[in-house]
Amino acid sequence: MASASIRLAFACVEGRSHRAKGCEDAGGMLRIGRRGGIIALADGAGSAAYAASGAATAVSVALAVIARNFAEIHATPGPTLFLTPLVEALTVKAAELECRLRDLACTLLVAAAVRHGDTVQWLTAHIGDGVIAADFGDGLALLSPPENGEFSSSTYFVTDVGAADHFRLSVGIAREATFVVMTDGAAESLFRRADQTLAPAVTVMAKWAQDVPSRRLKSILTKNLIEVIRPRTMDDASLGLLRIGGYTDSVR
Amino acid sequence: MADYILRHQELIENPTARVPICLVLDASASMTDTRGHGGPRPIDALNDGVRGFFDAIRADEIALYAADVAIVSFAGKPRVEFEFGSVEREPPLIAIHDYGGTSLGTGVEKGIELLTFRKNQYKETGVDYYQPWLVIMTDGEPTDESHKRVAPEVCRLIGEKRLTIFPIGVGEGARLSTLKEFSPRRDPLRLQGLHFGEFFEWLSKSVATTSRSTPGEPTAKLDAEGIKGWAEL
Amino acid sequence: MPLDLADFSGRHKIIVDTSSLMADDAEPFFKDALHPALKQAGSKIVVPLGVVREVEKHLTKGDARKKAAARQAERILAHLKNDGVAEIFGDTDDPFTDQTILYVVQKYRTKCDFLVVTQDSGLAESLVNIKDSAAVQSQKDLTIVRVDKNGIEHWRAPTGTVSVVPAKQRDRSPASTAAKPGLHPFALKAAPVTGRSVPQPISTVPQENDQVTTRTGHSYALGTAIAQGGEGTIYGLGGNRVGKIYHAGALTNRTLAKLDRMLSRPVDIAGVCWPQEMLFNQQGEPIGYLMRRAAGVPLDRSVFKKPLLIKHFPHWRRTDLVDVALSVTRVVQALHAINVILGDINPLNILVTEAKQVTFVDLDSAQIEEFPCPVGMINFTRAKNHGRDYGSYLRCFDDDKFALACLIFMILMPGKPPFSHAGGGDPGENIRSRSFPYRLYDPNERGKSSVPDGAWRFIWSHFSRQIKESFCRCFKDDQLLEASDWIAVLTRYRDSIAKGFMDQEQGNDIFPTRFRRLSDEEREKFRIAKPEETVDLTCSACGKIYEMKLSKLEERQHLNLPTDACPDCRKAFSLLKQDRLARGAVVRPTRSRGPAQQYSPNTVPPKRGRIIRWAVVALLLLVVLGRCMH
Chain A
5 MASASIRLAF
15 ACVEGRSHRA
25 KGCEDAGGML
35 RIGRRGGIIA
45 LADGAGSAAY
55 AASGAATAVS
65 VALAVIARNF
75 AEIHATPGPT
85 LFLTPLVEAL
95 TVKAAELECR
105 LRDLACTLLV
115 AAAVRHGDTV
125 QWLTAHIGDG
135 VIAADFGDGL
145 ALLSPPENGE
155 FSSSTYFVTD
165 VGAADHFRLS
175 VGIAREATFV
185 VMTDGAAESL
195 FRRADQTLAP
205 AVTVMAKWAQ
215 DVPSRRLKSI
225 LTKNLIEVIR
235 PRTMDDASLG
245 LLRIGGYTDS
255 VR
Chain B
655 MADYILRHQE
665 LIENPTARVP
675 ICLVLDASAS
685 MTDTRGHGGP
695 RPIDALNDGV
705 RGFFDAIRAD
715 EIALYAADVA
725 IVSFAGKPRV
735 EFEFGSVERE
745 PPLIAIHDYG
755 GTSLGTGVEK
765 GIELLTFRKN
775 QYKETGVDYY
785 QPWLVIMTDG
795 EPTDESHKRV
805 APEVCRLIGE
815 KRLTIFPIGV
825 GEGARLSTLK
835 EFSPRRDPLR
845 LQGLHFGEFF
855 EWLSKSVATT
865 SRSTPGEPTA
875 KLDAEGIKGW
885 AEL
Chain C
174 MPLDLADFSG
184 RHKIIVDTSS
194 LMADDAEPFF
204 KDALHPALKQ
214 AGSKIVVPLG
224 VVREVEKHLT
234 KGDARKKAAA
244 RQAERILAHL
254 KNDGVAEIFG
264 DTDDPFTDQT
274 ILYVVQKYRT
284 KCDFLVVTQD
294 SGLAESLVNI
304 KDSAAVQSQK
314 DLTIVRVDKN
324 GIEHWRAPTG
334 TVSVVPAKQR
344 DRSPASTAAK
354 PGLHPFALKA
364 APVTGRSVPQ
374 PISTVPQEND
384 QVTTRTGHSY
394 ALGTAIAQGG
404 EGTIYGLGGN
414 RVGKIYHAGA
424 LTNRTLAKLD
434 RMLSRPVDIA
444 GVCWPQEMLF
454 NQQGEPIGYL
464 MRRAAGVPLD
474 RSVFKKPLLI
484 KHFPHWRRTD
494 LVDVALSVTR
504 VVQALHAINV
514 ILGDINPLNI
524 LVTEAKQVTF
534 VDLDSAQIEE
544 FPCPVGMINF
554 TRAKNHGRDY
564 GSYLRCFDDD
574 KFALACLIFM
584 ILMPGKPPFS
594 HAGGGDPGEN
604 IRSRSFPYRL
614 YDPNERGKSS
624 VPDGAWRFIW
634 SHFSRQIKES
644 FCRCFKDDQL
654 LEASDWIAVL
664 TRYRDSIAKG
674 FMDQEQGNDI
684 FPTRFRRLSD
694 EEREKFRIAK
704 PEETVDLTCS
714 ACGKIYEMKL
724 SKLEERQHLN
734 LPTDACPDCR
744 KAFSLLKQDR
754 LARGAVVRPT
764 RSRGPAQQYS
774 PNTVPPKRGR
784 IIRWAVVALL
794 LLVVLGRCMH
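Sequences listed follow chains A, B and C, in order. Numbered according to the working numbering, the first sequence spans residues 5 to 256. Numbered according to the working numbering, the second sequence spans residues 655 to 887. Numbered according to the working numbering, the third sequence spans residues 174 to 803.
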């Protein structure tokens with residue numbers, strides 16, 4: 005039975021900053037049957053009191069929403085279908101914690117892809133900093149760069165009043181799709197802010213998604229985060245990989 | 655690639671987020687006045703303090719790459735003693751200006767000018783930076799009205815959260831109320847005796863703390879405890 | 174080259190075991206060669222009762238080949254018995270046949286010549302060790318042989334020997350246990366000591382700073398009290414010695430006699446605190462005994478309670494737990510080898526250190542020869558002994574084997590008794606109802622699982638198949654494993670984890686947060702359908718990655734329930750919340766970390782407020798756990 009090869013993996017590491025608030029990055033992944041998958045990462049705002057909760061809630065909601073509404077969002081892309089349930093869930097969480105909505109502030113990066121016949125439908129959603137890179141068969145390229153505010157290290161969050169204006173949604177169709185998703189902490193060493201270019205390492209990781217089975221991918225990502233990325237930044241760092249391969253790939 | 659670990663050459667080195675700090679220091683004749691204590695002259699103590707500041711920052715691996723320091727001295731006119739750059743260079747020796755007067759306003763204005771220019775350089779080269787710091791130290795009353803012109807501008811920048819200011823009065827002769835005009839939020843502090851050394855040490859620690867936080871946030875809470883030790887309120 | 178039976182049939186005591194009776198070429202040898210030789214010499218072969226039992230077992234259970242071999246053995250036995258050339262000996266409560274053979278040979282080594290016939294390489298090795306042991310000089314012969322088509326031959330392992338647990342994995346040889354060579358086993362008695370149990374008259378019970386003396390006249394001052402139990406108090410004596418001083422009225426004539434017996438045979442086994450000398454008070458009355466100091470924390474105050482396990486041994490992984498189970502099993506094995514039956518395998522009396530060194534203390538309650546073990550815990554007692562007064566009967570090795578299996582289970586599932594199940598009663602009832610709730614995977618089995626709530630389901634799924642089978646055999650089928658079998662199974666499990674053959678991510682976690690991921694091959698093999706879509710999420714409280722069904726996630730969102738933390742953290746928080754709400758407080762979760770943060774060696778120690786909050790949570794968990802235990 006021909007099936008697409010699907011590779012899904014993510015990992016999050018706590019930063020070395022001395023604030024000891026715990027890891028405020030959150031990650032999640034969902035495999036859609038034999039046809040596709042979703043990766044989501046969220047980076048809790050440093051100034052948010054319950055950033056970790058906000059990030060984790062945002063990730064779980066994002067996965068559920070996209071899993072159920074992928075086709076619709078792909079057909080008519082727009083922020084509302086996505087943002088509304090997200091903000092609603094965060095509002096409920098804020099009520100539970102008796103805090104303000106902005107105490108749950110976080111960025112959000114999502115990549116999702118589903119195979120239909122011999123094409124792959126994909127979409128990405130992005131608010132704030134962090135980077136999404138993609139390879140649709142002709143080389144890895146930057147898909148969604150970080151968006152920053154005045155100090156170039158302040159950014160936009162899902163809880164911002166104007167979030168809809170900074171919500172960047174991309175959709176498309178390809179023969180195959182590989183996504184590399186990272187939060188700001190990892191981007192520190194994988195993305196050059198000055199000229200918005202990706203480090204060669206990102207291409208290397210995209211190749212891993214091609215060669216290595218999902219289970220091992222996760223431990224490889226974790227290892228690299230701990231040994232290579234973490235020493236070069238104070239921030240929490242997360243990486244996610246998603247690949248829906250073409251039929252010519254061997255099924256694993 | 656069989657070991658699946660990223661190599662150094664495959665990574666990017668983004669420049670460290672900078673903490674731009676401009677010191678605006680009073681170098682008027684009154685800084686030679688030991689006020690009969692028989693101790694060191696204020697200007698000498700100040701220079702010692704600056705040197706100590708540089709040493710302390712160099713000792714912290716993160717602050718070392720984050721601190722971006724410039725020094726302006728002033729009396730009747732401002733003089734740029736030290737252009738913005740790393741503390742790995744030799745600290746300047748601040749000498750008393752030959753021409754008298756204490757033009758606080760123009761000194762601060764020069765400092766702001768340097769800071770603004772530096773910020774633009776950051777933006778062009780894509781370097782992250784923290785909210786800039788302006789440290790003002792003066793021991794007496796200003797002798798002109800320039801501060802009345804400059805202070806509102808400074809307050810506006812502070813209000814828009816684009817600047818943070820540390821106004822310090824040195825010795826009993828300093829007029830804190832004048833300094834207060836530059837600082838709507840933070841009360842000026844009076845430096846006890848000549849404890850420049852301790853102040854600069856505290857400042858360097860604050861640089862270290864800031865450079866460990868995530869840039870752009872409401873200021874990492876600076877150690878207010880540390881201040882109590884050296885200044886009378 | 175086959176040996177000449179005539180050399181042996183006259184003088185030697187010939188012992189025969191199950192394996193040789195069931196061997197392929199056995200029948201002609203026993204019937205045509207051995208039988209006449211015995212008849213001629215006028216002697217008999219000795220067959221342990223355990224062998225007869227084993228043959229009986231194989232007649233009913235096992236595959237066709239085994240059954241045929243068992244029928245052959247039965248025929249041979251009947252044949253020899255009817256003609257008066259075979260003698261069955263032994264108690265109904267023999268531990269296992271090999272042990273009996275070893276015991277008999279060791280005991281009478283210097284008195285008779287022996288010829289032992291066995292196909293089992295493990296037994297043969299042990300016998301060869303006894304033969305070569307320099308500690309026993311003997312003029313008597315000990316020959317070990319196996320049967321083949323030519324007759325009997327000196328023992329050499331044939332190639333391709335196969336058994337359920339490969340012989341080289343079995344750890345039978347007494348020399349390879351933690352006991353020193355030349356250790357004389359105690360006798361196995363049939364009946365407990367009779368006579369009334371009378372407390373010893375004691376004038377004064379020594380306290381701290383009082384002097385006590387030994388038989389040799391050596392004097393010690395009692396230091397500070399280290400521990401206190403129902404029977405007595407342990408005091409430090411300086412150096413690495415401690416003394417157990419019995420409370421007034423606790424030392425009986427029986428205990429005293431038992432201690433004398435124990436002291437007559439100095440036992441030096443690693444991990445065992447054996448009484449070394451009797452202690453006397455100033456009036457010359459015996460009031461206790463001296464032993465070496467043991468290091469560590471009792472299992473019951475560490476491994477068996479999750480918060481304490483994490484507190485004392487925060488860096489332990491699953492392999493460390495397996496190592497502890499192995500150490501415990503080795504000690505039990507060594508004690509069984511000298512015929513000491515523990516009786517009360519009590520987790521309060523087993524100490525463990527961070528380096529996984531295990532020490533058994535309070536050995537004076539063990540069963541030695543005719544002195545029973547007067548205490549026990551219902552959690553570790555077989556159903557058939559429930560209701561009996563512990564001091565009134567002699568336990569058998571099987572009783573210890575049951576307790577050992579329970580203990581191993583409770584080490585691998587920290588603190589969870591094996592028969593505890595959803596809808597169950599108190600521990601005694603649970604054991605009697607034989608309702609062991611854990612199962613091997615069977616796609617045809619339907620129905621609600623009665624595995625208790627919590628991570629236990631996950632932990633069970635992460636066991637190797639061999640471990641699961643072993644527990645099922647012990648607790649469901651009542652076929653208790655021997656210590657050597659456990660050692661083999663546990664070692665293999667440990668190796669599997671260490672080599673990464675178990676779940677890649679959570680296989681070495683003490684508390685996994687999801688079922689073991691089956692590989693695609695395993696799915697194929699057991700024809701398990703791919704599970705419903707599941708989501709992997711990070712927990713905002715503990716940072717761990719946990720799994721949830723997509724449908725459940727959606728349900729939660731629909732009901733506005735939180736989806737930012739894993740079930741464990743949610744539960745912990747809700748316990749905390751309930752407690753706080755009951756006291757009228759406003760409740761918020763802390764931002765602080767749970768235990769075992771994997772990624773940050775630089776975590777700053779938490780502020781006091783957080784410590785207090787987590788102490789409350791831990792306390793509540795302890796209370797909840799405590800309630801579950803009763």
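It is worth saying that the hints were derived from the structure and are not from the lab. Note that the structure is a prediction, hence the values are computed from the model and not measured. Careful, some of the hints might be misleading.
Unchecked claim - Under the rule of at most 30 angstroms between Cα atoms (straight-line distance), these lysine-lysine pairs were calculated in the BS3-like manner:
no. : chain 1 : residue 1 : chain 2 : residue 2
1   : C       : 362       : C       : 212
2   : C       : 672       : A       : 211
3   : C       : 479       : C       : 649
4   : C       : 212       : C       : 280
5   : C       : 254       : A       : 227
6   : A       : 25        : B       : 802
7   : C       : 529       : A       : 227
8   : A       : 227       : C       : 280
9   : A       : 227       : C       : 479
10  : C       : 304       : A       : 25
11  : B       : 834       : B       : 802
12  : C       : 322       : C       : 304
13  : C       : 239       : A       : 25
14  : C       : 722       : A       : 25
15  : C       : 641       : C       : 529
16  : C       : 672       : C       : 725
17  : C       : 722       : A       : 227
18  : C       : 484       : A       : 25
19  : C       : 362       : C       : 280
20  : B       : 815       : A       : 25
21  : C       : 239       : C       : 254
22  : C       : 529       : A       : 25
23  : C       : 284       : C       : 212
24  : C       : 362       : C       : 284
>> Tell me the hint numbers this structure goes against, listed in increasing order.
In response: 1, 5, 6, 8, 10, 13, 16 and 22
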